[in-house]
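Chain residues, written in single-letter form:
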Amino acid sequence: MLHPFDYYSPKSLDEAFEKIKKHEDSLLLAGGTDLLVNLRSGKVRTGTVIDVKHIHSLKSIVKTENGIEIGALATMNELAHSPVLSGPYALLAQAASLMGCYEIRNRATIGGNIINASPGAETLCPLTVLEARVLLKSESGKRVLALTEFLKGPNKTDIVKGEILTSVILPVLPEESRGIYMRRQRAKGMDLASVNCALLALYPQDIVRREIRMAFGTVAPVPFRPIELEKSLKGRKIDSKTIKETVSKINSMIKPRATSLRATPEYKKIMVEVFLERGLKKIMEG
Amino acid sequence: MSGALRRLWKDNMEHRISFKINGEQKTISVSSHSTLLEMIRDQLHLTGSKVGCANGECGACTIIMDGEPVRACLILAVEADGRELTTIEGVSKGNDLTDLQKAFVEEGAVQCGFCTPGFVMAGEALLKRKSDPSDNDIKESLGGHVCRCTGYEAIFSAFKKVSKKKRR
Numbered sequence: 001m002l003h004p005f006d007y008y009s010p011k012s013l014d015e016a017f018e019k020i021k022k023h024e025d026s027l028l029l030a031g032g033t034d035l036l037v038n039l040r041s042g043k044v045r046t047g048t049v050i051d052v053k054h055i056h057s058l059k060s061i062v063k064t065e066n067g068i069e070i071g072a073l074a075t076m077n078e079l080a081h082s083p084v085l086s087g088p089y090a091l092l093a094q095a096a097s098l099m100g101c102y103e104i105r106n107r108a109t110i111g112g113n114i115i116n117a118s119p120g121a122e123t124l125c126p127l128t129v130l131e132a133r134v135l136l137k138s139e140s141g142k143r144v145l146a147l148t149e150f151l152k153g154p155n156k157t158d159i160v161k162g163e164i165l166t167s168v169i170l171p172v173l174p175e176e177s178r179g180i181y182m183r184r185q186r187a188k189g190m191d192l193a194s195v196n197c198a199l200l201a202l203y204p205q206d207i208v209r210r211e212i213r214m215a216f217g218t219v220a221p222v223p224f225r226p227i228e229l230e231k232s233l234k235g236r237k238i239d240s241k242t243i244k245e246t247v248s249k250i251n252s253m254i255k256p257r258a259t260s261l262r263a264t265p266e267y268k269k270i271m272v273e274v275f276l277e278r279g280l281k282k283i284m285e286g
Numbered sequence: 001m002s003g004a005l006r007r008l009w010k011d012n013m014e015h016r017i018s019f020k021i022n023g024e025q026k027t028i029s030v031s032s033h034s035t036l037l038e039m040i041r042d043q044l045h046l047t048g049s050k051v052g053c054a055n056g057e058c059g060a061c062t063i064i065m066d067g068e069p070v071r072a073c074l075i076l077a078v079e080a081d082g083r084e085l086t087t088i089e090g091v092s093k094g095n096d097l098t099d100l101q102k103a104f105v106e107e108g109a110v111q112c113g114f115c116t117p118g119f120v121m122a123g124e125a126l127l128k129r130k131s132d133p134s135d136n137d138i139k140e141s142l143g144g145h146v147c148r149c150t151g152y153e154a155i156f157s158a159f160k161k162v163s164k165k166k167r168r
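Residue numbers (the numbering used here), protein chains in the order written: chain P, 1 to 286; chain W, 1 to 168.
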């Protein structure tokens, strides 16, 4: 049984802002697959739940001239089957298709996945390598932030009271870019990722222009992206020697916490190697 | 309601909602903080949907909402306003079981039976969106369902039996 709270379901952003202002202790409800669990366990308490699911402007996944704009309410199953998320963006659809289980994916939203900011969250590694930005709206205006600036730690983001994360913006990428999302889990049916990784290669076949981006989840409080190391790979042949070197550099930079329930730090470091070896091979071969 | 409780009770804690469940239109009052599963079991007395983990992990409370399977324990009752719901009670026509339910019986896919409603709802929803599901489709739809008796083989066989039957 949940503790008592008020419930509102605004039909527009303006109405939602008004409700948030009026109810200081409010929490926003999207898919509810984290919020209801947290309310039940007592991890969070609130006097007012504001259900944003009836704000229809937050639902679409569209191609724009600036890339792709994904409404915060897009569900994991919608992402997984979206024709817009193809080519360079396919790794996001792939990650969404692996999240939770089918029923959870019918409800869980991309906005919720970002705001919940779990270190192993399914969408965060792909969004990191895609250099996603988040659009936050409030009564007084809007902010656009790089996802990496927005994420502050486990279950922590830069969002302030009165703001609503309305969409995620993916920049335009060269059409031939290829990415991959990989995860390791303890059980086959439904489990959180023990460790996960997203790789993206821009111009995968062109050694001069090629740019490799990588992000690893659960090895740090937020997805870990070694930007300097990525730059050092520019113009280099990606052979087993380069991969070995890259792995050992990454493993000297990360310090996964020893108290994780799902994998030891040693295991995660081994997986860094496995992910890079398998993943790079896949995306370079196209 | 006592005076003290009434003071604690705020403006928007009771909601009049209308929805269709198992083909029947209903209008009832629900509390803001009731889950859809609590409403189905405690207010409508449809106890086929089970309370397993109550955390979205076991699948025993799976129902179909607007054609898609969902976890009733992770949805507020008030969110059902305007929706169409099907629970395990609404799947068969009286004693006339669906193909999937018959296959569960024939394959011995039911032991203690606690998880069965959830599996059947997931399966009925799968067969609605894909009349001829592949092995992977079946595994995907079963992925979030926990059974502690059967070892899953018999359940998988029941699903296979129905998809084969559809193929013929």
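Since the hints were derived computationally from the structure, they do not count as laboratory data.
Among the hints, erroneous ones may be present.
[As the list claims (entries may be wrong)] Residues from chain P that keep clear of chain W, each with C-beta distances beyond 10 Å, as calculated:
#: 1; residue: His3
#: 2; residue: Pro4
#: 3; residue: Ser9
#: 4; residue: Asn251
[Said to hold, decoys possible] On the chain W side, residues computed to face chain P include the following (Cβ under 10 Å):
#: 5; residue: Met13
#: 6; residue: Thr62
#: 7; residue: Met65
#: 8; residue: Leu74
#: 9; residue: Thr86
#: 10; residue: Cys149
#: 11; residue: Thr150
#: 12; residue: Gly151
#: 13; residue: Tyr152
#: 14; residue: Glu153
Ideal Cβ placement from N, Cα and C applies to all residues, glycine included.
Point to revise | Status of histidine 3 of chain P, Cβ more than 10 Å from any chain W Cβ | key: 6 Å, violated
Practice item. Mind checking the CB of tyrosine 152 of chain W against every CB in chain P and telling me if the closest is under 10 Å? Key: 9 Å, holds
Point to revise | Verdict on asparagine 251 of chain P as a residue remote from chain W, using beta-carbon distances over 10 Å | key: The claim stands: asparagine 251 of chain P keeps its Cβ more than 10 Å from every Cβ of chain W (closest is about 32 Å).
**Study point:** Satisfaction of the glycine 151 of chain W interface hint, Cβ to chain P closer than 10 Å
**Key:** 13 Å, violated
**Study point:** Hint check: 10 Å Cβ-Cβ cutoff, methionine 13 of chain W to chain P
**Key:** 6 Å, holds
Check your understanding: At a threshold of 10 Å, is the proposed contact between threonine 150 of chain W and chain P supported by beta-carbon distances?
Key -> 14 Å, violated
**Study point:** Non-interface claim for serine 9 of chain P versus chain W (Cβ beyond 10 Å)
**Key:** Serine 9 of chain P not clear of chain W: closest Cβ-Cβ about 8 Å, inside 10 Å.
**Study point:** Per-residue hint verdict: threonine 62 of chain W, partner chain P, C-beta under 10 Å
**Key:** 6 Å, holds
Check your understanding: Against chain P, with CB atoms and a cut of 10 Å, does the hint on cysteine 149 of chain W hold up?
Key -> 16 Å, violated
Review point. Hey, does the leucine 74 of chain W contact hint survive, CB to chain P under 10 Å?
Key: OK, holds: leucine 74 of chain W within 10 Å of chain P, min 5 Å.
Review point. How about glutamate 153 of chain W: closest beta carbon in chain P under 10 Å, or not?
Key: 14 Å, violated
Check your understanding: Is the nearest CB of chain W more than 10 Å from the CB of proline 4 of chain P?
Key -> Since the minimum Cβ distance to chain W is about 5 Å, proline 4 of chain P lies within 10 Å and the statement is violated.
In this structure, the hints that do not hold are numbers 1, 2, 3, 9, 10, 11, 12, 14, in rising order.
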